[in-house]
Amino acid sequence: MEAVAKLRNYPTSPRKMRLLADLIRGMKVEKALAVLEHNPKHPAVPMRKLVLSAISNWKQKNEGGDEGQLYVKTIFVDGARTLKRMRPAPQGRGYRVRKRSNHVTVIVDDIKAPKTIAGPVLEDDADDVEAPEATATKKKAAPKKAAAKKAGLKKAAAKKTSKK
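Numbers in this note's numbering are just positions in the sequence shown, counted from 1, shifted up by 288.
To be clear, the hints were calculated from the coordinates, so they are not data collected in a lab. Bear in mind that the values here come from a model prediction, so they are computed numbers and not experimental data. Glycine included, C-beta positions come from ideal geometry on N, C-alpha and C. Do not rely on the hints blindly, as some may be mistaken.
Stated by the list, open to error - Beta-carbon label-pair distances, calculated as ranges:
#, residue 1, residue 2, range
1, E355, H326, 35 to 41 angstroms
2, K329, G382, 41 to 47 angstroms
3, G353, G314, 16 to 22 angstroms
4, Q348, I399, 44 to 50 angstroms
5, R313, S344, 28 to 34 angstroms
6, L311, G367, 45 to 51 angstroms
Said to hold, decoys possible - Pairs of lysine to aspartate or glutamate, DMTMM-like flavour, derived with a Cα cap of 25 angstroms:
#, residue 1, residue 2
7, K329, D310
8, K347, E290
9, K304, E355
10, K387, E290
11, K372, E355
12, K304, E351
13, K387, D397
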């Protein structure tokens, strides 16, 4: 069973945080923690704490589960509030400075956990689904039309040359 941890309104740009999120997506948690511990980027510290929090949440949900089989199932970074500040600029003007922040969500899960399967097809939905044979015949008809069109173009070109 998966566990979620969220970091809200962390004051760094989402783009910088996404670089770290892309780095650990899909990794086992032990390897992800090691990568984040040795990463020189400043958002690596709160990201590491967030992964540890997700592991802790997973332990609470699954008492007695094997923590060694956990992996980062999903991680995504969303933009949060932006603080707008002014910086002095030449000739009495002011430049706008946008101090961005972000929200990070981490979902960890056990590798051995059963995957969710889409539900059965209902009778009402069965009408919308095409039979495999119907799609196969459509694919075969398309090349024949293209060949006929090419042949028609060749005949038209031959007529033009014969008139001259």
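Legend entry - Non-conforming hints, listed in increasing numerical order: 1, 2, 4, 5, 6, 9, 10, 11, 12 and 13
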